[in-house]
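Colleague: Taking the hints into account, I'd like the entire structure generated from these sequences.
Number of protein chains: 4
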Amino acid sequence: MAGTINKVILIGHLGDEVKMHYFEGGNSIGRFPLATNETYTSRQTGERITNVEWHNIVVRNKLAEICEKYLTKGDRVYCEGRIKTRQYEVDGQKRYATEIQVQDMTFLSTKKDPNNTSSSEAATQNNSIPPTSIAKEEDDDLPF
Amino acid sequence: MAGTINKVILIGHLGDEVKMHYFEGGNSIGRFPLATNETYTSRQTGERITNVEWHNIVVRNKLAEICEKYLTKGDRVYCEGRIKTRQYEVDGQKRYATEIQVQDMTFLSTKKDPNNTSSSEAATQNNSIPPTSIAKEEDDDLPF
Amino acid sequence: MAGTINKVILIGHLGDEVKMHYFEGGNSIGRFPLATNETYTSRQTGERITNVEWHNIVVRNKLAEICEKYLTKGDRVYCEGRIKTRQYEVDGQKRYATEIQVQDMTFLSTKKDPNNTSSSEAATQNNSIPPTSIAKEEDDDLPF
Amino acid sequence: MAGTINKVILIGHLGDEVKMHYFEGGNSIGRFPLATNETYTSRQTGERITNVEWHNIVVRNKLAEICEKYLTKGDRVYCEGRIKTRQYEVDGQKRYATEIQVQDMTFLSTKKDPNNTSSSEAATQNNSIPPTSIAKEEDDDLPF
DNA sequence: TTTT
DNA sequence: TTTT
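Residue numbers (this note's numbering), protein chains in the order written: chain A, 369 to 512; chain B, 369 to 512; chain C, 369 to 512; chain D, 369 to 512.
Careful, some of the hints might be misleading.
You can't tell identical chains apart in this list, so a pair holds if it fits in one copy or across any two.
[To be verified] Quick list of in silico lysine to any residue cross-link-like pairs, SDA-like style, CA-CA up to 25 Å: (1) Lys441 x Glu415; (2) Lys480 x Asn424; (3) Lys375 x Arg399; (4) Lys462 x Gly393; (5) Lys387 x Tyr408; (6) Lys480 x Gly442; (7) Lys375 x Ile417; (8) Lys387 x Gln455; (9) Lys437 x Ser501; (10) Lys480 x Ile373; (11) Lys375 x Gln469; (12) Lys430 x Tyr408; (13) Lys452 x Glu467; (14) Lys430 x Ile468; (15) Lys437 x Thr409; (16) Lys452 x Gln471; (17) Lys430 x Asp384; (18) Lys375 x Ile468; (19) Lys430 x Thr418; (20) Lys430 x Thr409; (21) Lys462 x Asn405; (22) Lys462 x Glu385; (23) Lys437 x Thr407; (24) Lys479 x Asp459; (25) Lys479 x Ile468; (26) Lys441 x Gly393; (27) Lys452 x Ser410; (28) Lys462 x Pro499.
Source of the hints: derived by calculation from the structure; they are not laboratory data.
Modeller: Written as structure tokens, this is what we have:
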């Protein structure tokens, strides 16, 4: 009943801002769409075709708050998590929504950093350093 | 236009047989459900809870045919691929179905091998050796 | 200063028993060799060639103790961790030893389980269930 | 004898230029060091400590040539490959050198692109587009 | 619905 | 030997 692995690794760009939802009791959840692209050459026409894949990213609690604080539309991130398909009903019919529950994230660009112009590399050379790697342990100090 | 990654790694058990579909022109597709389990301890009751996650696995052409030949319900496999959400309409309403398009697979148990009793390790010691690792290159020889 | 990833995923077989070392203060470390195989067809002779790759696995504290208790030579495991190359000197010359520091592990077969005959699947159907998935959180309860 | 996985995923920065070596017969190999960083808080002093890990990246043939053409010291890349430890002898003593044989790579920044100022995003808006994702198939067209 |  |  175990001995299984459910792991997702994504590098993509935020298609929108992080949307937060706060629960009673102090828990919180953040959601944002992440785009990955697949490019290939058409066998028929020979032209380059790009398919966009949209992933529903879900983050929780401290990681959610760090995402909301530092990430914005267009930023690039590395995400590691698991696939989770939720089931719900509409008019008595089953529907499915697949999310990526992310536990670990690394920022590959952070436009929200005020002193930063275009890349996370630049950001590390000034005093306002956003966290670039976010660990799984929720009780840790902020990685500054 | 790229610089993105969409990667899924799963280890799980087949929930059903591989269902094949053959296209005109020689292409084929195989589908099967794969179960992964997540076990955790409830904070309320302290009991162990297991959630099952079902993944819609899609394989193509030679890999599909190897899967159909060697895999059966209950077998354990390692899968590597990408997430793909297809959109379709029902009564004018958008629906989404998420699949895992698998390119690489490793068999961790293969009940269909006739000389095999319980594990793929045993299978490698006789003459009827199923492939245990299936490469991405479709034009390769079978890995026997 | 960050924004980097160092991740290793291995599925292989233990080449020897887990060797434990206990430190003063209660910490412990376990080490064992893990074999992965790469099989390919020789372009010259056309015969199948198998290369064995040996990985120096290092586990710590609770995970080390679970490994020692349940794993034995020949068992198959899934390991997730990071690469770490240690530097040392012999006769004033630098030497390097590369280890895989494993944080997450899933047992894919466990011969040490007394009620088990050949695979972890069988093991889950009786009362003596070894842990098959070991989480990163050291403070967690044992996953029974 | 199989059913194993040997997979490495790295995101890091080039510590030096790509060094090429060409073989008779047309094959080529490229090598470069890649740095990943691990940052943690010391339990003793409470200060942030960064450890650098250096990986010996090895790429072959077309991928090697693309790396040499587009990558330079300091660039950030995503690498996917396998661990390979080579054995050699010095004065009759065995020595080991661990490499990462990389088959797939994604460029996360490319300073060598002449029209590019600081990031790969900018690069995609002009006519001199470096490849950002490099597939495994050696016989493919260049991903332009 | 959307990123680069 | 080195990157950010």
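Colleague: Each hint should be assessed against the structure and marked as holding or not.
Modeller: For each hint, the structure was consulted:
no., hint, result
1, Lys441 x Glu415, "neither (29 Å within a copy, 33 Å between copies)"
2, Lys480 x Asn424, "within (21 Å within a copy, 34 Å between copies)"
3, Lys375 x Arg399, "both (19 Å within a copy, 20 Å between copies)"
4, Lys462 x Gly393, "neither (31 Å within a copy, 35 Å between copies)"
5, Lys387 x Tyr408, "neither (32 Å within a copy, 27 Å between copies)"
6, Lys480 x Gly442, "both (11 Å within a copy, 23 Å between copies)"
7, Lys375 x Ile417, "between (28 Å within a copy, 20 Å between copies)"
8, Lys387 x Gln455, "both (21 Å within a copy, 23 Å between copies)"
9, Lys437 x Ser501, "within (14 Å within a copy, 29 Å between copies)"
10, Lys480 x Ile373, "between (34 Å within a copy, 22 Å between copies)"
11, Lys375 x Gln469, "both (10 Å within a copy, 14 Å between copies)"
12, Lys430 x Tyr408, "between (38 Å within a copy, 17 Å between copies)"
13, Lys452 x Glu467, "both (5 Å within a copy, 12 Å between copies)"
14, Lys430 x Ile468, "within (17 Å within a copy, 29 Å between copies)"
15, Lys437 x Thr409, "between (39 Å within a copy, 22 Å between copies)"
16, Lys452 x Gln471, "both (13 Å within a copy, 21 Å between copies)"
17, Lys430 x Asp384, "within (20 Å within a copy, 36 Å between copies)"
18, Lys375 x Ile468, "both (10 Å within a copy, 12 Å between copies)"
19, Lys430 x Thr418, "between (35 Å within a copy, 22 Å between copies)"
20, Lys430 x Thr409, "between (42 Å within a copy, 18 Å between copies)"
21, Lys462 x Asn405, "between (29 Å within a copy, 22 Å between copies)"
22, Lys462 x Glu385, "between (29 Å within a copy, 23 Å between copies)"
23, Lys437 x Thr407, "between (32 Å within a copy, 21 Å between copies)"
24, Lys479 x Asp459, "neither (42 Å within a copy, 42 Å between copies)"
25, Lys479 x Ile468, "within (23 Å within a copy, 32 Å between copies)"
26, Lys441 x Gly393, "neither (29 Å within a copy, 43 Å between copies)"
27, Lys452 x Ser410, "between (32 Å within a copy, 18 Å between copies)"
28, Lys462 x Pro499, "neither (40 Å within a copy, 34 Å between copies)"
Checked against the numbered hints given earlier, the structure breaks hints 1, 4, 5, 24, 26, 28 and satisfies all the rest.
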